[in-house]
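Q: Below are the chains, spelled out letter by letter.
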Amino acid sequence: MQRTQAMTSVQPDWENFYPRPISEKTPFFSKDGRLYDCLFAQQLNRELLEHLFSTADRLRAVTQKKDGADYVSALLSDKRAMLYFVQPSTRTFMSFLNACHILGIKTSEIRDTTTSSEVKGETPEDTVRTFSSYVDMIIMRHPAPGFVEKTAWLMNRTGRPVPIVNGGSGKDQHPTQALLDMYTLHRSFGGELDGKHIVMVGDLKRGRTVRSLSYLMKNYKNVSLSFVSPRQFCMEPDILEFLKRHNIPFTETEDFKGVMKSADAIYMTRIQDEHDKSGESKAVDYSPFHFRKEHLDLIKKTCVILHPLPRRHEIEVTVDDDPRAVFWRQERNGMWARAALMAYIFGVDGKIR
Amino acid sequence: MQRTQAMTSVQPDWENFYPRPISEKTPFFSKDGRLYDCLFAQQLNRELLEHLFSTADRLRAVTQKKDGADYVSALLSDKRAMLYFVQPSTRTFMSFLNACHILGIKTSEIRDTTTSSEVKGETPEDTVRTFSSYVDMIIMRHPAPGFVEKTAWLMNRTGRPVPIVNGGSGKDQHPTQALLDMYTLHRSFGGELDGKHIVMVGDLKRGRTVRSLSYLMKNYKNVSLSFVSPRQFCMEPDILEFLKRHNIPFTETEDFKGVMKSADAIYMTRIQDEHDKSGESKAVDYSPFHFRKEHLDLIKKTCVILHPLPRRHEIEVTVDDDPRAVFWRQERNGMWARAALMAYIFGVDGKIR
Amino acid sequence: MQRTQAMTSVQPDWENFYPRPISEKTPFFSKDGRLYDCLFAQQLNRELLEHLFSTADRLRAVTQKKDGADYVSALLSDKRAMLYFVQPSTRTFMSFLNACHILGIKTSEIRDTTTSSEVKGETPEDTVRTFSSYVDMIIMRHPAPGFVEKTAWLMNRTGRPVPIVNGGSGKDQHPTQALLDMYTLHRSFGGELDGKHIVMVGDLKRGRTVRSLSYLMKNYKNVSLSFVSPRQFCMEPDILEFLKRHNIPFTETEDFKGVMKSADAIYMTRIQDEHDKSGESKAVDYSPFHFRKEHLDLIKKTCVILHPLPRRHEIEVTVDDDPRAVFWRQERNGMWARAALMAYIFGVDGKIR
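Heads up: the protein sequence lines correspond to chains A, B and C, in order. For the record, in the first sequence the residue sitting at position 230 is 230 according to the numbering used here, with numbers rising by one throughout. For the record, in the second sequence the residue sitting at position 282 is 1282 according to the numbering used here, with numbers rising by one throughout. For the record, in the third sequence the residue sitting at position 94 is 2094 according to the numbering used here, with numbers rising by one throughout.
One should not assume that every hint holds.
[Stated by the list, open to error] So the derived list for chain A, only partly shown, Cβ under 7 Å to chain C, looks like this:
1. 78
2. 106
3. 120
4. 136
5. 197
Worth flagging that the hints you see were computed from the coordinates, not collected in a lab. Glycine included, every Cβ here is placed at the ideal spot set by N, Cα and C.
All chains should be modelled from the sequences, with the hints used to inform the complete structure.
A: Below, the structure is given as structure tokens:
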């Protein structure tokens, strides 16, 4: 998996590189026409998404029997991955870890930095380069915006790069969450996402999942969106501009009940009060943006309810038993979608059948 | 390993279910006549105990050579377990973890909850359900009484249950400790537990291992028990009632020396001062309940000395070298007994030979 | 891997054993003429070093292709190791962990002691013996001088010893760091260490790597050493005595620039201010002991630059791109050298070809 010398040598300095538009940067994170570092939801175009969905579907099918599971776990038995998670996230961590196990990838874990050599005055860049010495891939979650991208950028300048997978970077990027959300929609709709009406509900201003999902809608035809949120937490203008530019129709409303009837998918989110600056969440009545048991009678028989989890009170627990509540399956889809992504990056996706 | 729909639908609400006697509850934690969730020492009847002992014996024998070890570690190579330990317990944790490794089960670990999504306001029930998405079994230790049982109960109501193994639940249940204690007695007596005199020593009031052991004695014939403890920490009445009901003779005494001569097994325990409310342990002279080197001359040549460990000063370190001191073997027996239990739950016990 | 009864029985008490010279103690940590416990850099004689280097080289070569990697990871698939690291050291920890993965050894981890039963009043000796119950090897890092050695000593007195590998013990011993440093010199010089001029730079007084390296030089012919350090942190007299006794020529200087021109290897180290008693590091101008980009023009074309890492400012980051900067390779060499050592201890080194 050596990077061509040519690419490395033309790479600009980080300060010049970082501010560029993502579309300009993605070639630096590809290799031989394939995704190498998975950093941005925007790297997931329709072709790649559908390939990953079908890879994930095949992974599930093949591993249902023990000999299939053993076959799959031999595919990458020579690979070692490091999960470098310096921000609390048991959910994403466990999903990636078990995805590695499915593929036979051996894993090592950093789950905080207090035990790290950073205490001895090492730079974060040196720390990451150290870890990369021992493994074939780094799956990274980091609170600092751009840090995961910078790691990939640095790695690609060394003589021994390893692919970097973004497991959540600052407030901005969490591409595998976008991947699993799309995969869940794909499975819920039997592969037919075109023409669907997607309703996103909750704290749209500060939720990164709804932002990524909105971006990815440009990959599909005739999709329409509804954004349901308290006025204070409505979708940011940059996303609305993006949708207009790509001719994706959308509406904004506070009337959840009114819009849920025509929804093909309802994507619920919790209030993101960890981003509060001065308690602004407490000033909002969030209850009109909850999904209650009684709403099950209002929505379509084919409508599915998603949630990136964890939830608080946005969805009543009694809703869980309804077959249209797919958020628990969504959770599990994440593991399969991540396994598919890693199989793809290591180039064994073609061997899963 | 799908649960029948019928069973799920007749299950009552948790509030109604939890207070029922264990004997009424165990069917809900079985499947096709086999133990599915291992929650209570009371689930371990004589037939099951002896089956697990023989499974553990075969596991040890088969894995002594490398090809046998490789055969065994292929039996469950398609399975993934989560060790969810939110209460400190390195000993039990390591024992289970290495038991998983013996069987080829891949493992993920939660060893505290501070990194978990619980900080984001998720309920413990949702957290556990999340983790169950990724794995095929959860081994759980939790300080709250009933939490492990509730998890099993909840899982069994979902469309994708996974077996739950209790690694220590509150002050009450720790069934695999009981299993390994019984296995150690079994091995020490060449399989003949009937007719033996078992002496339990120490803080019998607050030690859960001596309680479980006492319960399990009803599985054997003509066993007699002696309880040796400071008056303040004597065995609780509920256990004494239980023994009377099952015609198991017992004596209570503070005279350790007097009773040790006729013992076939001496089960030592430490003082459980972590359960003190106001320093009551300090008011007790615990030294008469220590086993000293000089006692080795008083006990039978065939008598064995057990201890669930960790120890403080209850057993002098110089005793360790005596072949009758089996507590270090007991520790190792725990790993094999737990491996046997998991092999049984996953239904591969018949393949170990 | 049973120890002969004879050896155990002649072993003296710890208080008598510990103060003895290392050369007297090493036989107790060997078995059938092979290293069993790896505790001291002094156990690594030239023959063993060269055997481990060649084993490491073969490991790298064989594992380059997937079938070779799978072959190697089957060699010790029946073994389980515990990494018992009660002192922060992510670097060494990860290096050992991934070395285990290469060999197929299953691993369990203790990375601090707060979750351990030590809180329940257990002695450290009992804790370690407990852990040894479950595994076939313990890799241990511990801040207390002598603790790792004592563990090996204790284990060898039990009926079920497991080999102990020292991953860093107090301020004194870190034998696998010495091993990887020597391996890096070996690879840098194409196997020809005899006759070379090694320059060690920095806080020589308190750095344990430079001390070990100096010791190991007695294994080679016509090596000369230069020690470059601030006066306050010069090499300790015991090492200088040792060198004189073995006729190894050395010079001491503060003039880094003057001596670097004739160096075949420059071993840089950081200031060890964690050992300060009253801020003595701050009184020193450390900048004359930095390696800067401009120095690349002064050193030999064949000179290599090492550093045990982590670094602070001792080596400018822009130096990393020069092919003579081998410290990142040195890091990776550590993983391979440790894998070679463990393969040797378990006696499968002969199967790697």
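Q: Each hint: holds or not?
A: Hint by hint, here is what the structure shows:
A distance limit of 7 Å between C-beta atoms decides the matter here; for residue 78/A the minimum to chain C is near 4 Å, and the interface restraint holds. Here the hint on residue 106/A is kept, as its CB sits about 4 Å from the closest CB of chain C, short of 7 Å. Contact between residue 120/A and chain C, as hinted, is supported at the beta carbon level, the nearest pair being about 5 Å apart and thus within 7 Å. Below 7 Å, beta-carbon pairs count as interface contacts, and residue 136/A has none with chain C, the closest being about 10 Å; its hint is therefore violated.
Proximity of residue 197/A to chain C is violated relative to the hint, the smallest CB-CB distance being about 47 Å (cut-off 7 Å).
In the structure shown, a violation is registered for the earlier hints numbered 4, 5, in ascending order.
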